[in-house]
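Undergrad: Start from the sequences, fold in the hints, and give me the full structure.
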Amino acid sequence: MKIIAVCGMGIGTSVLLKMNTEKVLELLGVQAEVQAADMAKAKREGADADIILTTPELVFQLEHMPGIIVPIEHVFDLIEIRQKLANVLS
Amino acid sequence: MSALGDALGDKSIKLSVSASTWTEAITLAGDALELSGRATAAYTRAMIEAFEELGPYMVIAPGIALAHARPSANVLSTGLSLVVLSESVKFGSERFDPVRIVFGLAALDHDGHIDLMAGLSELLLDDTKVNMLLQSDNESEVRRLLG
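Residue numbers (the numbering used here), protein chains in the order written: chain A, 1 to 90; chain B, 1 to 147.
Rather than coming from a laboratory, the hints here were simulated on the basis of the structure.
Cβ atoms here follow ideal geometry from the backbone N, Cα and C, with glycine treated the same way.
Any given hint could turn out to be false.
Lysine-lysine pairs mimicking DSSO-like chemistry, simulated, CA-CA at most 30 Å apart [unchecked claim]:
1. A:Lys84 - B:Lys11
2. B:Lys90 - B:Lys11
3. A:Lys43 - A:Lys23
4. A:Lys2 - A:Lys43
5. A:Lys41 - A:Lys84
6. A:Lys23 - A:Lys41
7. B:Lys129 - A:Lys84
8. A:Lys23 - B:Lys129
9. B:Lys129 - B:Lys90
Derived list of chain A stretches under chain B, where covered just means 3 residues or more per stretch with a C-beta under 8 Å from a C-beta of chain B [unchecked claim]:
10. 24-36
11. 42-52
TA: If you want it as structure tokens, here you go:
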């Protein structure tokens, strides 16, 4: 499974989201590749991503992507990330 | 020293400073990146433009903003600055306004700052440390807190 964490610049929020998502995936026992990306990279390399994580403000820029978009309100909230990922994975 | 401590160079920390708008607050974070040799003045302008373009998603947690722009020639070395405002400022974030802590982030590329971000994540997950950071006006105390 491929997951991309997307933000505007690809160095801030997306990196935090990737790190915290990796923690959650380990807890859930799910194997997946998680990449951090800016908008341009997401559009270029994210067509085969199963899940797209981003912040609610940026969802509208990614709606054309084939993967399931999961908006994360709080990138430090491991409980929120776990619940939302578990919902999508089940 | 920790990755976070290393990322915050000399003159990169400003405590108990005041700003009346988000532009002023980001400028303070940019000035501290400049003073500590991380980035040029053009990077500060790029951070403000990025915030204008992409909006308040850079407010990443309640009261905390991570100001940054794309890696570019305006970045001299990868690192952080830290601004703690004496009074909070509205950044236009529906979820997390108002802001009192602004980190400025300069990155040379997309993946050379992972240790620094892991340190930042660890700090921001710790409410006790964040509260102590908000209440301190002493740089050595803050540096001890950052590890």
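Undergrad: Each of the hints needs a verdict: does it hold here or not?
TA: The hints, checked one at a time:
1. Under the criterion of a C-alpha separation no larger than 30 Å, the hint pairing Lys84 of chain A with Lys11 of chain B is inconsistent with the structure, at around 41 Å.
2. Taking the CA atoms of Lys90 of chain B and Lys11 of chain B, the gap is about 25 Å. The hint holds against a cut of 30 Å.
3. Distance hint between Lys43 of chain A and Lys23 of chain A is fulfilled; the C-alpha atoms sit about 25 Å from each other, no more than 30 Å.
4. Using a Cα cut-off of 30 Å, the hinted pair Lys2 of chain A and Lys43 of chain A holds, with the two alpha carbons roughly 14 Å apart.
5. With a C-alpha separation of about 24 Å, the suggested pairing of Lys41 of chain A with Lys84 of chain A holds against the 30 Å cut-off.
6. The straight-line distance between the Cα atoms of Lys23 of chain A and Lys41 of chain A is roughly 23 Å, inside the 30 Å bound, and the hint therefore holds.
7. Restraint check for Lys129 of chain B and Lys84 of chain A: satisfied, since their Cα atoms lie roughly 27 Å apart, inside the 30 Å limit.
8. In summary, the hint linking Lys23 of chain A to Lys129 of chain B is supported, as the alpha carbons are separated by about 21 Å, within the 30 Å threshold.
9. Restraint check: the Cα-Cα separation between Lys129 of chain B and Lys90 of chain B comes to about 23 Å, which is no more than 30 Å; the hinted pair holds.
10. Evaluation of the coverage hint for the stretch 24-36 of chain A: breached, as 1 residues show C-beta separations to chain B shorter than 8 Å, against a requirement of three.
11. Counting residues of the stretch 42-52 of chain A whose C-beta lies closer than 8 Å to any C-beta of chain B gives 0; at least three are required, and the coverage claim is violated.
Checked against the numbered hints above, the structure breaks hints 1, 10, 11 and satisfies the rest.
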